[in-house]
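Novice: Given chain A, work out where chain B should sit, using these hints.
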Amino acid sequence: MAAKTANHKAWWLVAPVVALVAFNALIPMMTVVNYSFQETFGDNVFFFEGFKWYEQVLGSERFHAALGRQLAFTFTILVIEIPLGVAVALAMPRKGIGVSVCLVLMALPLLIPWNVVGAMWNIFALPDIGLLGRALNGLGLAYDFTQDPTSAWITTIVMDVWHWTSLVVLLAYAGLRSIPEAYYQAAKIDGASAWAIFRHIQLSKMKRVLTIAVLLRFMDSFMIYTEPFVLTGGGPGNTTTFLSIDLVKIALGQFDLGPAAAMSLIYFLIVLLLSWVFYSLMMRNEER
Amino acid sequence: MSLSWMAWTWQTATFFILLAMVLAGMGLWEWKRPGGNPRRGIFGLDTTRGDRLFITLLGSGFIALGWLSFIGSPPYGALVICALWAIFVFRRV
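Sequences listed follow chains A and B, in order.
Each residue of the first sequence is one higher than the last, beginning at 1 in the numbering used here.
Each residue of the second sequence is one higher than the last, beginning at 1 in the numbering used here.
To be clear, the hints were calculated from the coordinates, so they are not data collected in a lab.
Note that beta-carbon positions come from the ideal geometry of N, C-alpha and C, so glycine has one too.
Treat the hints loosely; a few may be bogus.
What the hints assert, rightly or not - Away from chain B, derived, C-beta distances all over 12 angstroms, residues of chain A:
| hint | residue |
| --- | --- |
| 1 | P28 |
| 2 | Q56 |
| 3 | L90 |
| 4 | I129 |
Stated by the list, open to error - In silico SDA-like links for lysine to any residue, alpha-carbon gap of 20 angstroms or less:
| hint | chain 1 | residue 1 | chain 2 | residue 2 |
| --- | --- | --- | --- | --- |
| 5 | A | K95 | A | P180 |
| 6 | A | K52 | B | S73 |
| 7 | A | K52 | B | G77 |
Claimed, not checked - Residues from chain B that face chain A, not an exhaustive set, calculated with beta carbons under 10 angstroms:
| hint | residue |
| --- | --- |
| 8 | S4 |
| 9 | T9 |
| 10 | F15 |
| 11 | D46 |
| 12 | L65 |
| 13 | G66 |
| 14 | L68 |
| 15 | G72 |
| 16 | P74 |
| 17 | P75 |
| 18 | C82 |
Excised from the complex, chain A in its bound form (with noise of 0.2 angstroms):
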């Protein structure tokens, strides 16, 4: 019998992603926690300042309206995204030439780069010269995006549903193609209706691609920064002002490193926590 080897040479293999992860990832969460204690007016100068920056975030009413904003936002979409992406996997074909047509047709909205959705939309929602802004002032709504904060906050919200259901439509298509077919004939056999065979056969067998679908979309959501930047630029007035544009302004706008730093960090708890209590959840639901 071959005895059993052991070669540790493969530890070397992962050193490039290691040293990939702790140029991008850590050194830079390192400086921004040194960051976080202190003070900077720039040439490399720092004075500490202790938890002065973090019990100022904590504190400050700016800081709870843009996480209120955020996961209003967040959940929104989730809301929205999750069942419309489901329903519309549902519907497509499952065999022919439509699958290719919809597969592609669904795959392109994900193509375009973050920044091009947010003009594209900004353009085509003008009240003034875009196509939409100008057909619903036409049908006698009121809507105008850079004025008034629920035309701002509907068209985000539809902006990033036309930009992202279909990545749910993926996801939850390729779990129901991997559904045997014998699944189908077996509730055909015992009488089950369309309701009963999408509860036990699809949405259970889709468990798993769904959690992703949530994970993902939670985090590019709870992250978001350049589609509603370009959009609406945080306004009108901050009312479109999330999380990280909130964080942008500060650090950059202010040059205020510290507090930024801080509120970096708590952002990044935050999200850590959600993400983490989110897929506890799901795979806890999964193993019953």
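Specialist: Positioned in the frame of chain A, the structure of chain B alone reads:
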């Protein structure tokens, strides 16, 4: 090589050194006494030692933020709560 752009202080350096020591200690612990399969704790989650360390650190971060929000610095009291939280997580979660 100058690291002045990273704005190191002895306080933050100590924090990272302690964190690295905790990770190394966990590795050493696993090497000496392998933890075996995940176990199910009071939250109904299957957790390994590494998971419990993650939960401890994440929870400690929020305990510190909560302390700074409601009581303010210095957060020595938060440190005590974090230590109790760590004991709770490693024994029960």
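Novice: For each hint, tell me whether it holds in the structure or not.
Specialist: Do the hints match the structure? See the list:
The beta carbon of P28/A is not kept farther than 12 angstroms from every beta carbon of chain B, the shortest such distance being approximately 9 angstroms. Not every Cβ of chain B is farther than 12 angstroms from the Cβ of Q56/A; the closest lies at roughly 10 angstroms, contradicting the non-interface assignment. Every CB of chain B is more than 12 angstroms from the CB of L90/A (nearest about 32 angstroms), matching its label as outside the interface. No beta-carbon of chain B is positioned within 12 angstroms of the beta-carbon of I129/A; the least distance is around 46 angstroms.
Restraint check for K95/A and P180/A: satisfied, since their Cα atoms lie roughly 14 angstroms apart, inside the 20 angstroms limit. Between K52/A and S73/B, the direct Cα distance comes to roughly 8 angstroms. Compliance with the 20 angstroms bound is thereby established for this hinted pair. A C-alpha spacing of about 17 angstroms is found between K52/A and G77/B, which places the hinted pair at or below 20 angstroms, so the restraint holds. Annotation: interface hint on S4/B holds; nearest CB of chain A at approximately 5 angstroms, less than 10 angstroms.
Given hint, T9/B at the interface with chain A, holds; its Cβ is 6 angstroms from that chain's nearest Cβ, closer than 10 angstroms. With a cut of 10 angstroms, the hint placing F15/B at the interface with chain A holds, because the nearest CB-to-CB distance is about 7 angstroms. Here the hint on D46/B is kept, as its CB sits about 8 angstroms from the closest CB of chain A, short of 10 angstroms. Using the Cβ-Cβ criterion of 10 angstroms, the hint placing L65/B at the interface with chain A is satisfied: the shortest such distance is roughly 6 angstroms.
For G66/B, the interface hint holds, the least distance from its beta-carbon to any beta-carbon of chain A being 9 angstroms, beneath 10 angstroms. Taking 10 angstroms as the C-beta contact cut-off toward chain A, the hint placing L68/B at the interface holds, the least distance being around 5 angstroms. Interface hint status for G72/B: upheld, as the beta-carbon distance to the closest one in chain A is roughly 6 angstroms, under 10 angstroms. Checking P74/B against chain A: minimum C-beta separation of about 8 angstroms stays under 10 angstroms; hint holds.
Annotation: interface hint on P75/B holds; nearest CB of chain A at approximately 7 angstroms, less than 10 angstroms. Interface restraint check for C82/B: the shortest CB-CB distance to chain A comes to about 14 angstroms, outside 10 angstroms, so the restraint is violated.
When held up to the earlier numbered hints, the structure conflicts with 1, 2, 18 and fits the remainder.
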